[in-house]
Amino acid sequence: MDSNAQINQLKYLLFKEEQEATQHLKEEIRVLRQQINLLEVELQKYEQQVLKMEEEARDPSRLQAKVNPIINEKIKELQANFYDLFGGEVKTTVNLEIRNSQDEFIEAVYPIIGKLVRRYVSYQFELFMEAMEEQRKNAFSFKSWNYRFKRWFGKGDEADIIEELLAPSIEEVYLIQKDSGLLLGCFSANNITDMDMVAGMFSAIKSSAEYVFSKQTEELRTIEYQNFKVIIHDYYKYYSATVIDGTSTPSFLQKLEIILNEFDENKMPKLIMDVDDVLFKQVSKNLKKSFEGFEKNKPSPFTQQKELPSK
Amino acid sequence: MRSVSKKVILTGSFAVGKTSLVSQFVYRKFPESYKTTLGVRIDKKVVELENVKINMIIWDIGGEQSQIRIPDSYYLGSSGVIYVFDLSRPASFLNMSENINYIRQKLPNVPIIIVGNKIDLLDERTFQQIKDILPIPADFFTSALQGDNVENMFLELAQQII
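So the protein sequences, as listed, match chains A and B.
Take 1 as the starting number for the first sequence in this note's numbering and just add one per residue.
Take 1 as the starting number for the second sequence in this note's numbering and just add one per residue.
It cannot be assumed that every hint is accurate.
[Said to hold, decoys possible] Computed cross-link-like contacts, EDC-like style, restricted to lysine to aspartate or glutamate with a CA-CA straight-line distance of at most 16 Å:
(1) B:Lys45 x A:Glu73
(2) B:Lys53 x A:Asp179
(3) A:Lys178 x B:Glu156
(4) B:Lys44 x A:Asp276
(5) B:Lys53 x A:Asp234
(6) B:Lys44 x A:Asp234
(7) B:Lys45 x A:Asp179
(8) A:Lys237 x A:Glu265
(9) B:Lys106 x A:Asp277
(10) A:Lys270 x A:Glu224
If you are wondering where the hints come from, they were derived from the structure by calculation, not from laboratory data.
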């Protein structure tokens, strides 16, 4: 073995560990360089994406096109899961707010409830008065029998005859769509040609009265004209206007209300898309069935001629 | 033929000829004397289109300088609006943009027809000058007195409603 080979052998023996460490470090450096290169490529990609996004952000239409689908999807998701996400919190908040604002709540509701109570008490009082009157009449039943005898022998009691003449009768019933004032159906004991216009006029009067006098917190209940009275009943999407001839009594009004409520519940279409002749015929036919018993032929104030000649 | 009822409102400043337009359309007659409309006046005209009859219930609303003074309930349920101004009286169309915007807010998806009435009172030159200064271009120029364009205007609205 020559001297060089011996030196190398000696070096190997002396620096074996250092050489191995150097080799290991070289390998690590190589791996790190590779990683750095990869990261640089990634970085370039991201830089390009950022530049693209900046351009898109500067152009609102492109930004909208990108963002809108995401927002819409999130809104749909929120709508679908609103109750699960916030239902409990909303309920708790509303309950808490109502509890904390009891005074304000009562302040807001009181006028409406007050009016309802007042109307109910006054109505019940009228019923009570009518019952008392009935009792009084029964107490003097001789008069009643006397009247009957007189009637049998051709002699009538004037007061009773007048009372009979003044007995209320239903002349017309209009069912009118609330918003538009369009006529949904009609029952009439007379031949009225312009029922649509009458319905429109009722709506105009109702709207004006509610706007001028009570700012829509209370609804118009009656319109009086000569011996005729128009009784208005409000329902969810429509109202009824019943033209009565004669003096209405609470029991008569109660009977009318029962018929109208029953009609609303069982015979009135719940969904109205278009006010057309098919709907009108159907509603009017049903209305006639409900009110046939009330028919009485007397001229109505709404059959009068208008100022301008009819077309 | 199917028949459908539709509510149409006629609005605009006072004395622009709204009632006269209705009278000409419904009764083919021009009222001899002027009577201001108090509140609202209801009229009816059946218009026949190709496949459908439209029962036009026309709410002729008493003239107000501003639409804000008109009860909201008059607008409710309307299927069409005719906004009338007087071509011979600039005060009747000065606030037109605000009024039309207000109506559009109340009735977002309802056709509105803008009508310049009393064209018979203007000569050709004045008419062109007035046309140039209108805040919003009119859809129709009418004469309720002579009946010019009145029928067309209502028929156009009927078409747009359907």
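Kindly indicate which numbered hints from before are broken by the structure, ordering the numbers from low to high.
1, 2, 3, 5, 6, 7, 9, 10
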